[in-house]
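Given chain A's structure and the hints, the job is docking chains B, C, D, E, F, G and H onto it.
There are 8 protein chains.
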Amino acid sequence: MTNQAAEFWPDLQREERIGFAEVIYCEGKSDEQLAKIAAQLLAHHDNLLATRCSQRQYEVMLTLNNKLKYHASARLAYLHEDKTPRGRGKIAVVSAGTTDVPVAEEAAITAEVMGNQVERHYDIGVAGLHRLLQRQEALMQAEVVVAVAGMEGALPSVLGGLLAAPIIAVPTSVGYGANLQGITALLAMLSSCAPGISVVNVDNGFGAGYAAARINRKRGHEGGGHEGTRRDTKAH
Amino acid sequence: MTNQAAEFWPDLQREERIGFAEVIYCEGKSDEQLAKIAAQLLAHHDNLLATRCSQRQYEVMLTLNNKLKYHASARLAYLHEDKTPRGRGKIAVVSAGTTDVPVAEEAAITAEVMGNQVERHYDIGVAGLHRLLQRQEALMQAEVVVAVAGMEGALPSVLGGLLAAPIIAVPTSVGYGANLQGITALLAMLSSCAPGISVVNVDNGFGAGYAAARINRKRGHEGGGHEGTRRDTKAH
Amino acid sequence: MTNQAAEFWPDLQREERIGFAEVIYCEGKSDEQLAKIAAQLLAHHDNLLATRCSQRQYEVMLTLNNKLKYHASARLAYLHEDKTPRGRGKIAVVSAGTTDVPVAEEAAITAEVMGNQVERHYDIGVAGLHRLLQRQEALMQAEVVVAVAGMEGALPSVLGGLLAAPIIAVPTSVGYGANLQGITALLAMLSSCAPGISVVNVDNGFGAGYAAARINRKRGHEGGGHEGTRRDTKAH
Amino acid sequence: MTNQAAEFWPDLQREERIGFAEVIYCEGKSDEQLAKIAAQLLAHHDNLLATRCSQRQYEVMLTLNNKLKYHASARLAYLHEDKTPRGRGKIAVVSAGTTDVPVAEEAAITAEVMGNQVERHYDIGVAGLHRLLQRQEALMQAEVVVAVAGMEGALPSVLGGLLAAPIIAVPTSVGYGANLQGITALLAMLSSCAPGISVVNVDNGFGAGYAAARINRKRGHEGGGHEGTRRDTKAH
Amino acid sequence: MTNQAAEFWPDLQREERIGFAEVIYCEGKSDEQLAKIAAQLLAHHDNLLATRCSQRQYEVMLTLNNKLKYHASARLAYLHEDKTPRGRGKIAVVSAGTTDVPVAEEAAITAEVMGNQVERHYDIGVAGLHRLLQRQEALMQAEVVVAVAGMEGALPSVLGGLLAAPIIAVPTSVGYGANLQGITALLAMLSSCAPGISVVNVDNGFGAGYAAARINRKRGHEGGGHEGTRRDTKAH
Amino acid sequence: MTNQAAEFWPDLQREERIGFAEVIYCEGKSDEQLAKIAAQLLAHHDNLLATRCSQRQYEVMLTLNNKLKYHASARLAYLHEDKTPRGRGKIAVVSAGTTDVPVAEEAAITAEVMGNQVERHYDIGVAGLHRLLQRQEALMQAEVVVAVAGMEGALPSVLGGLLAAPIIAVPTSVGYGANLQGITALLAMLSSCAPGISVVNVDNGFGAGYAAARINRKRGHEGGGHEGTRRDTKAH
Amino acid sequence: MTNQAAEFWPDLQREERIGFAEVIYCEGKSDEQLAKIAAQLLAHHDNLLATRCSQRQYEVMLTLNNKLKYHASARLAYLHEDKTPRGRGKIAVVSAGTTDVPVAEEAAITAEVMGNQVERHYDIGVAGLHRLLQRQEALMQAEVVVAVAGMEGALPSVLGGLLAAPIIAVPTSVGYGANLQGITALLAMLSSCAPGISVVNVDNGFGAGYAAARINRKRGHEGGGHEGTRRDTKAH
Amino acid sequence: MTNQAAEFWPDLQREERIGFAEVIYCEGKSDEQLAKIAAQLLAHHDNLLATRCSQRQYEVMLTLNNKLKYHASARLAYLHEDKTPRGRGKIAVVSAGTTDVPVAEEAAITAEVMGNQVERHYDIGVAGLHRLLQRQEALMQAEVVVAVAGMEGALPSVLGGLLAAPIIAVPTSVGYGANLQGITALLAMLSSCAPGISVVNVDNGFGAGYAAARINRKRGHEGGGHEGTRRDTKAH
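Going down the list, the protein sequences come from chains A, B, C, D, E, F, G and H.
To convert, note that position 37 of the first sequence is 827 in the working numbering; the numbers rise steadily by one, no gaps.
To convert, note that position 9 of the second sequence is 799 in the working numbering; the numbers rise steadily by one, no gaps.
To convert, note that position 231 of the third sequence is 1021 in the working numbering; the numbers rise steadily by one, no gaps.
To convert, note that position 226 of the fourth sequence is 1016 in the working numbering; the numbers rise steadily by one, no gaps.
To convert, note that position 121 of the fifth sequence is 911 in the working numbering; the numbers rise steadily by one, no gaps.
To convert, note that position 61 of the sixth sequence is 851 in the working numbering; the numbers rise steadily by one, no gaps.
To convert, note that position 195 of the seventh sequence is 985 in the working numbering; the numbers rise steadily by one, no gaps.
To convert, note that position 85 of the eighth sequence is 875 in the working numbering; the numbers rise steadily by one, no gaps.
Hint data in this document are derived by calculation from the structure and do not stem from the laboratory.
Ideal placement from N, C-alpha and C gives every residue a C-beta, glycine not left out.
Keep in mind that the hints are not guaranteed to be accurate.
[Unchecked claim] Quick partial rundown of chain H residues pointing at chain G, CB under 8 Å, derived from the structure:
1. 804
2. 820
3. 822
4. 857
5. 860
6. 966
7. 970
8. 972
[Stated by the list, open to error] Calculated pairs, BS3-like style, for lysine-lysine (alpha carbon to alpha carbon, straight line, at most 25 Å):
9. 880(E) to 1008(G)
10. 859(D) to 1008(B)
11. 873(H) to 859(H)
12. 826(D) to 880(B)
13. 1008(H) to 880(F)
14. 859(G) to 1008(E)
15. 857(G) to 880(E)
16. 1008(D) to 880(B)
17. 826(G) to 1008(E)
18. 880(F) to 880(H)
19. 1008(A) to 857(C)
20. 880(A) to 880(C)
21. 880(A) to 1008(C)
22. 1008(F) to 859(H)
23. 1008(B) to 880(D)
The following block holds chain A by itself, in its conformation from the complex (with noise of 0.2 Å):
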């Protein structure tokens, strides 16, 4: 590059306007750009979330904070040091297949890091009935639901005839063929028969769990409204 222009500008005020600081995107960044970032980052937060991150992408902010966590098949780096609850519920993240674990997963630990309590319910799919019926009484008392399923994506349409709390559905791309790598699942979640079902990108496990924290987000006062917090800002 010749001239002025930094490459990136990190958002620094994204958690005052909507409650959680900026998240980084891994792919397609270099070592580079991404050292710069998380350092910026992490001089001003407690916690961190890097989504797409690969082993190597890891290891290089690992040099930086080496409380930094990483979960392999969710490909997910996280620094989880600020604790504080932030929600009013529990979030229940549940999924259809066992190969549907990564997203799941993706989306658990966003809501964790971002201050909720998590409750999994994992390999529940739509062929196999009477394993999702036995979590129905448990899922009940979740607050909000992420469901993750690939392949047809049904488990979303079952759950949102069965529970009123409000579904998040992650299509996963497992699948060949007809399922287009996700967007079949995608597509078939979109038309569920179940109402008031939303819906995130294909193994999108991290703006699932970031939409179930928005939903879940405790309010300093009840039935008012939805300002940012500063509340695991660090204290510079």
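Frame of chain A, contents of chains B, C, D, E, F, G and H only:
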């Protein structure tokens, strides 16, 4: 047309080869074409099926045989004079919603005209799971199940995990937007997590009823092959 | 139909399970089907929602209850007799352009009939950013935001960076060519760079209003789960 | 994972319900997940099927049972100890080209492990019609036909006009460009001019073999329903 | 239009360059545009082709030359006064079903007006293979074969394995759902397993007839090139 | 609508920011919405553009100002009272065929109303190359070229290799089948082998005319920036 | 494989029927399959074509006949021993860019091995029109033209307006993004405004060369039909 | 290749016609092809651009001229010896995120090598609107703006409402799932609600820089046309 070729050439031997006479696909045929084809088929067979048939096209054919019936929403014209039973067991036709009924009826009547006993179970979609579970016992008695659903098309996946019978899934174009005129339901059914489900084209109730009839067809000698039968051919 | 099965089977327990009675999807239903379903629902509930309802279908249902209202451009018929408040806070419904208003109204009225207070902010699309920024303060008071936009669907991304509340994005089919009847706006919203936005189907104002109502729903005891409520069921 | 949920939960009752034990979909599973699931299934069943299985994944499972076999190009690991015949007739598996053989073999072995007699007819695609016609007599003896084809997927249409048996069409991803990784063959088969053909996902030999086994399955009493059978479950 | 440019500018030299005068594509043209273009072409040529021509557009042009003919279902208006033979051999036009006949006729008449002898073979689709095989001998006499088919578009693949002649495949929009308005037949034909088939646009009978005429065109001296011919140009 | 929000909120400062007042997109707007928006804009500006405007919508606005003009096939209503020249040079608008003229006219009139001199060159598509080459000299004098083409959209590629000016390519929906309602022309233009061509949406003549006007706009001081101009705003 | 069926069954009569022996499609074939098929074909024919052939697959076949040649970038292995001329005229193979040359070479060599004289004209794409126009005279001498182009695929449209010969258009996957791996060029060529162009699959140089050979093939008696010829079959 | 045709034929007159010499598209070119083309261009021009250039391809060309530079992430090799200014004003290149920088740099360097002054503004995406608004003043000084964004591609819409300059939008393939490798951003930009934005292909920074250079190019005489200039051609 300026020379010798006839525009149509009914396949009068089809019944001997594959067990049922040629079926007329009405869409795009002129009244004149339709009348000629129907007349030829009626001359050789006691039963007749004409799919995607408009009210007007039905009336054209009605002048050829006044016993011809019409199901308006299924757009099916049919003559069902030869009622010889040809099936081993019952065929269950299941629909997710009331809006799927025209396609379900196309399947059901097709199977009936081909000599099968059909049992209908409508409006038992997955968003109200208890309705479906109440029918499980009855559905377990069926030799074949035709499962008709629009929107996200989740019904066959749930049935596939509950039943041992062959399941023919029929996506419908019920829905909008991400449903892509039924293509999403189609792709979702093809991506089903339940094993051994097979699928026909969007809104193809006829194809599903025909496939069910192929499966349910009594053989001359048990364990034997599938030779075509002349039994419902007119004796001329 | 030639045998025993009823064509429809309303899910009268839905309200107990998921907090609101079954909603009628009118498209593709015959007048006769519609009248029967509506009659059954009206016999058990004080409120009613019927989506994608034509003028004529509205008139069919109006003969059953003359208090039924109709929003023509939103194609929504509704009965709103039970006005018990059921929400914790306000739901803001935002539209990018005036052409998106029918979908926004479908969301707003759905949420209202489900017991929520709704605030509308229309025609504040991103090509005139100052209009949107003038509403920022008001939008920060909302418990949930429904953001309706066609064309490129950029509005939710901008809101997602300004607000901490849950955001339900609704793509509309406003546009042409590369907009692909709203599919582009849908995919764009799902690809949003702003974190934690969830999306419903193209033109699915109803689904967005319902999702917002799920999120905003007051619980019997704070922090508790989501048991369905019988409160707007008719006392019979 | 930070709390109580198990990542997988095998559906050990599936055999009783739908006639065959759960099958393992290997793609995307870690070695550890796979070993745990396989161990649980092997503890309860004499036969096992594991699809989309890599050489390495096969070796992981081989340590659990050294009779496990592997078909490398079909990527199928299987244990076929219980050889009780369960079919009424023969299942014919047909392929258009030699490149389609891995998918055809997946279908054939699946059907065999599920208790069926299988007859293979390979490399009889429609561009050399005489080869196909020479097999017509043999194919007429089959109870079910599985037709595997890539490129334009024309084979099932031709068979559908020659045979009375149920035909399960399997598109393969053999081809390039306009073939769209098999989606074209899939859509073409779904659009077949031959009546009553049903279709499974691209390269889904397993699904086709399973569907054929559902169709061919001997009932306890002729004309009776489809209750699951415990017969190949291990006696523990 | 507010300034100097003429809206149309017929390519009166086209015949000299490529052997046939400009053809009018009527869809989207106003009556006034059409009349002006047709008048110019009729002033210079004895033959005329106007494709995708509505009944009303035909009548507009009929006032210019009362010998103009019209094929309603092929939507083709044509003047065929100069009947000089220009082909080396016969062109065979083949259709799979009766519903494909309008497109086949568009091809056939195009080729005839361009100076070729055409032989029609209709309704010989692959689901009734014997009809096709009965025509094999006749088809082997053709210099070029135009094969018209909708649905899965399998006909050209079968012909391609039986015949040595050039085969122009024409997909039609006959079908529904997975047929994608003919795009599936198009992609299937392009993916054909039979070698050396080339394809034109969906429903483009005109293009196929024109391509066949290019192939069949007699050269001034055998083995020579393709110079345009002025022979059917009016002598003015 | 049941509460305080106005449905529309014209962006009256747009002209100051980006150089031209807000333009009305008529499709989907009710007569009432349209009349209110037009009235507000007419109160502040001497020129007006309303795109995708039906005859009836034009008549609604005509009651507000009887100088409003209408181009029926371009579906453009416009008021062109302020004729101050605002361009540096001429804008050439080129069309491939006569059927593309409505879109070309939308571009041309848009540019004219925005204060530019426009030169039209119609019906010079690439299948008659000599017509295009005859215009090359004239086109080299243009400051910007708008190239409108349907079908395969090849025209901009050829122009891009002949001209040094900026080229705005406009795909049209002229064509059928593989043209995919203009999406093919759109994608082809975006894939052009000629460098530095930019593209607008299918049939978006308005957008192309506007983009050309942005490029051609005279600056207050040469080499200076793009501050909006108040010049065509009404003096109120 | 556990029973009698051979995996492959070469179509040794193909040459008699359609004029050239079976061609091997190498992709996805195992070395063992390939060696068996090649050995059978080499035993009966003097010429051989093997497409989509890897270096390694070539080496497998080279052990069978050491005269086998290989064109690495075209991935074509071929034996060209029988050099009997079989064409009436010259086939011109034209490419738009240098990156399209591998596909062009596949077409050219295919045509040569099938007995045709081929003339190559490479790198004459439409963005440098003068290069193309300089070749016009030469191209007018060709009996058939194969036009190979990637990106927007405009070359055949321009040629189609300049030449009277049959034109086979070959889209290539050269390009990125909106080019959709060549699908855009494919669709664009099918939508060409130039009449009578036919198209083969993306990157299908082989198919184009074969189609050109079908067209150019000398008949035994002029004006006669297309009987297959045994001439290049080995005398055994 | 077996006969006379050269594989490439550089367009050495391109600079005279359209103002800049031919640019090399490296992807898919062999080292040998690349070296020959580069040598010819270097013999005639002082500047050179080679896009989609691998490290290895750069090294091949470096042997021809050791002043050749390389931008690795933009995959751009370039020679920038002739630094004559050719632009009227500044070109601003804007990126939404840091991951979009490689494409932005491709645009920026292309414009610079073509004789323009470029100003970079990176990482100012719409989810952090204040960053973008802080740059508004600076951006208003630019003659042309190139706006690079991935994911939902909202940046150009927001800029289009704030700035009067021409805006070239560049979608990038940054994102996943519903982003469809950048196609969603592309379609969204084409559907922008802001008027007069034009768009180039996904990741086509080169095309955007070139388009900006066409717009910004100084004319010999103000208001005059676009004749190509020989100025940066080597004096040979």
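Verification of the supplied hints:
1. The criterion of a C-beta within 8 Å of any C-beta in chain G is met by residue 804(H), whose closest approach is roughly 7 Å, and the hint holds.
2. With a cut of 8 Å, the hint placing residue 820(H) at the interface with chain G holds, because the nearest CB-to-CB distance is about 7 Å.
3. The closest approach between the C-beta of residue 822(H) and any C-beta of chain G is roughly 10 Å, which is over the 8 Å cut-off, so the hint fails.
4. Hint status for residue 857(H) relative to chain G: violated, with the closest Cβ pair at about 25 Å, above 8 Å.
5. Violation of the interface hint for residue 860(H) is found here, the shortest Cβ-Cβ separation to chain G being roughly 20 Å, above the 8 Å cut-off.
6. Evaluation of the residue 966(H) hint against chain G yields a violated restraint, the C-beta minimum of about 16 Å exceeding 8 Å.
7. For residue 970(H), the suggested interface contact is broken, since its CB lies about 10 Å from the closest CB of chain G, more than 8 Å.
8. Hint status for residue 972(H): holds, given a least beta-carbon distance of 6 Å to chain G, under 8 Å.
9. For the given pair, residue 880(E) sits about 15 Å from residue 1008(G) by alpha-carbon distance, which is consistent with the 25 Å threshold.
10. For the given pair, residue 859(D) sits about 37 Å from residue 1008(B) by alpha-carbon distance, which is inconsistent with the 25 Å threshold.
11. Only pairs whose Cα atoms come within 25 Å are accepted, and residue 873(H) paired with residue 859(H) is accepted, the gap being roughly 15 Å.
12. A threshold of 25 Å between alpha carbons decides the hint, and for residue 826(D) with residue 880(B) the separation of about 40 Å lies outside it, so the pair is violated.
13. Restraint check for residue 1008(H) and residue 880(F): the C-alpha separation of about 15 Å stays at or below 25 Å, so the hint holds.
14. Distance restraint check for residue 859(G) and residue 1008(E): the Cα-Cα separation of roughly 37 Å exceeds the 25 Å cut-off, and the hinted pair is therefore not satisfied.
15. Only pairs whose Cα atoms come within 25 Å are accepted, and residue 857(G) paired with residue 880(E) is rejected, the gap being roughly 40 Å.
16. Distance restraint check for residue 1008(D) and residue 880(B): the Cα-Cα separation of roughly 15 Å lies within the 25 Å cut-off, and the hinted pair is therefore satisfied.
17. For the given pair, residue 826(G) sits about 44 Å from residue 1008(E) by alpha-carbon distance, which is inconsistent with the 25 Å threshold.
18. Restraint check for residue 880(F) and residue 880(H): satisfied, since their Cα atoms lie roughly 23 Å apart, inside the 25 Å limit.
19. As the CA atoms of residue 1008(A) and residue 857(C) are separated by approximately 39 Å, the hinted pair breaks the 25 Å bound.
20. In summary, the hint linking residue 880(A) to residue 880(C) is supported, as the alpha carbons are separated by about 23 Å, within the 25 Å threshold.
21. With a CA separation close to 15 Å, the supplied pair residue 880(A) and residue 1008(C) stays within the 25 Å bound.
22. Restraint check for residue 1008(F) and residue 859(H): not satisfied, since their Cα atoms lie roughly 37 Å apart, outside the 25 Å limit.
23. Only pairs whose Cα atoms come within 25 Å are accepted, and residue 1008(B) paired with residue 880(D) is accepted, the gap being roughly 15 Å.
This entry does not satisfy hints 3, 4, 5, 6, 7, 10, 12, 14, 15, 17, 19 and 22, going by the numbered hints stated previously.
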